[in-house]
Amino acid sequence: MIDALILAIAYLLGSVPFGLLITKMAGAGDLRQIGSGNIGATNVLRTGKKSLAALTLLLDMLKGTLAVFIAQTFAPDMATMAALVALLGHMFPVWLKFKGGKGVATALGVMLALSWPTAVMAMLTWLAAAAILRISSASALIAMASMPVYLITFQEPTLLPITMGILVLVYIKHYGNIIRLMTGHEPHIGK
684 MIDALILAIA
694 YLLGSVPFGL
704 LITKMAGAGD
714 LRQIGSGNIG
724 ATNVLRTGKK
734 SLAALTLLLD
744 MLKGTLAVFI
754 AQTFAPDMAT
764 MAALVALLGH
774 MFPVWLKFKG
784 GKGVATALGV
794 MLALSWPTAV
804 MAMLTWLAAA
814 AILRISSASA
824 LIAMASMPVY
834 LITFQEPTLL
844 PITMGILVLV
854 YIKHYGNIIR
864 LMTGHEPHIG
874 K
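The opening residue of the sequence shown carries number 684 in this note's numbering; numbering runs sequentially from there.
No lab work stands behind these hints: they were computed from the structure.
Check the hints yourself; a few may be wrong.
Straight-line C-alpha distance at most 27 Å; calculated DSS-like pairs for lysine-lysine [as the list claims (entries may be wrong)]:
1. LYS782 - LYS707
2. LYS707 - LYS780
3. LYS782 - LYS732
Restraint-style ranges between C-beta atoms, simulated for each label pair [what the hints assert, rightly or not]:
4. GLN838 - GLY710: 47 to 53 Å
5. ARG817 - LEU741: 34 to 40 Å
6. PHE757 - TYR858: 32 to 38 Å
7. MET865 - LEU688: 40 to 46 Å
8. SER734 - ARG817: 16 to 22 Å
9. LEU816 - TYR858: 14 to 20 Å
10. THR836 - GLN716: 39 to 45 Å
11. ILE835 - HIS868: 30 to 36 Å
12. PRO840 - TRP778: 35 to 41 Å
13. VAL803 - PRO840: 16 to 22 Å
14. LEU816 - THR756: 36 to 42 Å
Using N, Cα and C, we set each Cβ at its ideal position, and we do this for glycine too.
Please construct the entire structure, taking both the sequences and the accompanying hints into account.
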């Protein structure tokens, strides 16, 4: 019973659409009608409000961290499953007819609770890639792909299966971005 409750909480936490809520409360309109229509921080940035994008990024990360922390506290053997379910909640929220975000911030948030050194290194990888490439999606994909390498570096191979699952989900949600990257049509940061 506790396991099912933990997973329900993880899904509900993950499914909170902070980007959508924050932009509506700030009077920036319906985020789904702006830019890419995505509910994540990158699309919030397209509203021209950097502070709202930063807040969205932080809250999308923290909801993943909190979901895993709750599982680690009350049902430690469910922590990795809670991580995956929180990510699925963000990507497929029931409140938005299962049309959610792409999961990068939430993936980093769950990894922060599972292996903080890996999460920190993945964030630094994203920043470095963004500084060089100036393309948010490419930077995110590189950061996600770096996580298994960091897990091996920090000798945490038991987290490889869940991390690979996270990686696959994030890459699937970025399918359109990957096509645009391959054809040279993916927008740059700030455009």
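Structure-based check of all given hints:
1. Between the alpha carbons of LYS782 and LYS707 the distance comes to roughly 17 Å, so the proposed pair stays at or under 27 Å and holds.
2. Taken as a hint, the LYS707 and LYS780 pair is honoured in the structure, with Cα atoms around 18 Å apart against an allowance of 27 Å.
3. A distance of roughly 23 Å separates the Cα atoms of LYS782 and LYS732; the hinted pair therefore holds under the 27 Å criterion.
4. Roughly 48 Å separates the CB atoms of GLN838 and GLY710, a value that falls within the hinted 47 to 53 Å.
5. A hinted range of 34 to 40 Å is violated for the C-beta pair ARG817 and LEU741, which are about 22 Å apart.
6. About 35 Å separates the C-beta atoms of PHE757 and TYR858, a value consistent with the hinted range of 32 to 38 Å.
7. Look at MET865 against LEU688: about 43 Å separates their beta carbons, and that is inside 40 to 46 Å.
8. Distance hint check: the CB atoms of SER734 and ARG817 are about 21 Å apart, consistent with the given range 16 to 22 Å.
9. Taking 14 to 20 Å as the suggested C-beta distance range, the pair LEU816 and TYR858 conforms, at roughly 19 Å.
10. For THR836 and GLN716, the Cβ-Cβ distance of about 42 Å falls inside the hinted range of 39 to 45 Å, so the restraint holds.
11. Taken as a hint, the range 30 to 36 Å holds for the pair ILE835 and HIS868, whose Cβ atoms sit roughly 34 Å apart.
12. A beta carbon spacing of about 36 Å between PRO840 and TRP778 agrees with the range 35 to 41 Å that was offered as a hint.
13. Checked against the given bound of 16 to 22 Å, the beta carbons of VAL803 and PRO840, roughly 19 Å apart, stay inside it.
14. Checked against the given bound of 36 to 42 Å, the beta carbons of LEU816 and THR756, roughly 38 Å apart, stay inside it.
When the structure is compared with the earlier hints, a violation turns up for hint 5 alone.
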